[in-house]
Amino acid sequence: MSITFNSNGTVTGVASDNAFITGNKGVAKAWIKFRGDTTGAIIASYGITSISNPDNAEYIITFSTAFANANYIVTAIVSGNPAIHRGIGIVDQAQTTTTCRVNIFSTSGGGDHEDTDENCIAFFGDQ
Amino acid sequence: MKNSDSVILYTEDNGNLVVVVPADNCDLTVEQIQAKDIPSGKPSYIVSRSKVPTDRSFRWAWKLNGSAIETDMTKAKEIHKENIRRARISKLAELDIDFQRALETSADTTAIVSKKQALRDAPSDSAIDSATTETELKSQWNTSILGASPYSDK
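The listed protein sequences derive, respectively, from chains A and B.
Using our numbering, read the first sequence as starting at 1 and increasing by one per residue.
Using our numbering, read the second sequence as starting at 128 and increasing by one per residue.
Treat each hint with caution, since some may be false.
Which residues of chain A face chain B? A partial, calculated answer using Cβ under 8 Å [to be verified]:
id	residue
1	Ala41
2	Ile42
3	Pro54
Bear in mind the hints are in silico, worked out from the structure with no lab data behind them.
Every residue, glycine too, gets a C-beta built ideally from N, C-alpha and C.
Could you build the full structure based on these sequences and the hints that come with them?
Shown next, in the form of structure tokens:
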């Protein structure tokens, strides 16, 4: 499709933000920054309809648009400090096309689940 | 009113209360998110976010009474006892070192043995079982043997 401008300055033929993102393999289809110490308050997000807190330091992120399959990539970081080392992982068998369930644990606390102040997760894959 | 002014509550099969925070920028209403994101067949409730307790000390003892959140005191007592067990691990390790040093110098170990026994007995304190509120439960934390309360910064 060609890009055109009419006399009113209206542009046509340009993909919408959502269409651009959905068709691009290299961009994150969804991302979220949330607080873990206040029952999952969302700080910022895209492509997410909700985040749930079903268990200690566990979160279910639900996507606005389902992924084509469950082989999408999840990349994440969690907050901490030099004295408290934490990690984040996908709960076994809990990565589906519509949701991803993650848990946050303290490596310096023997692997115990631990709520954290701030967490960031991005999801890459085909939708 | 923003979506995030509300939360959606439901109970998982394991009894855990799930708090669902709806996103603001997803072009769906809270009711639409409820229909889309809550597992089918689960009764769920949209409530004001202000109804969610800010004190999460006993978060995993929360349960639904209708659409209201309340604390399951039986679960809360187990959480409290687990907090005691975690806190005493390092205390017992320190006392083990003190005990070994006392043995090496043939010093009196009576006080050390007494402290270790107090730590072992701490989770079974009868005052824990008789607590009827979160506040009463939190007060059953002996800082002289367990150190700082985990609830003091909540």
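Here's how the hints hold up against the structure:
1. The restraint placing Ala41 (chain A) at the interface with chain B holds, with a minimum CB-CB distance near 6 Å, inside the 8 Å limit.
2. Checking Ile42 (chain A) against chain B by beta carbon gives a least distance of about 6 Å; that is within 8 Å, so the hint holds.
3. Below 8 Å, beta-carbon pairs count as interface contacts, and Pro54 (chain A) has one with chain B at about 4 Å; its hint therefore holds.
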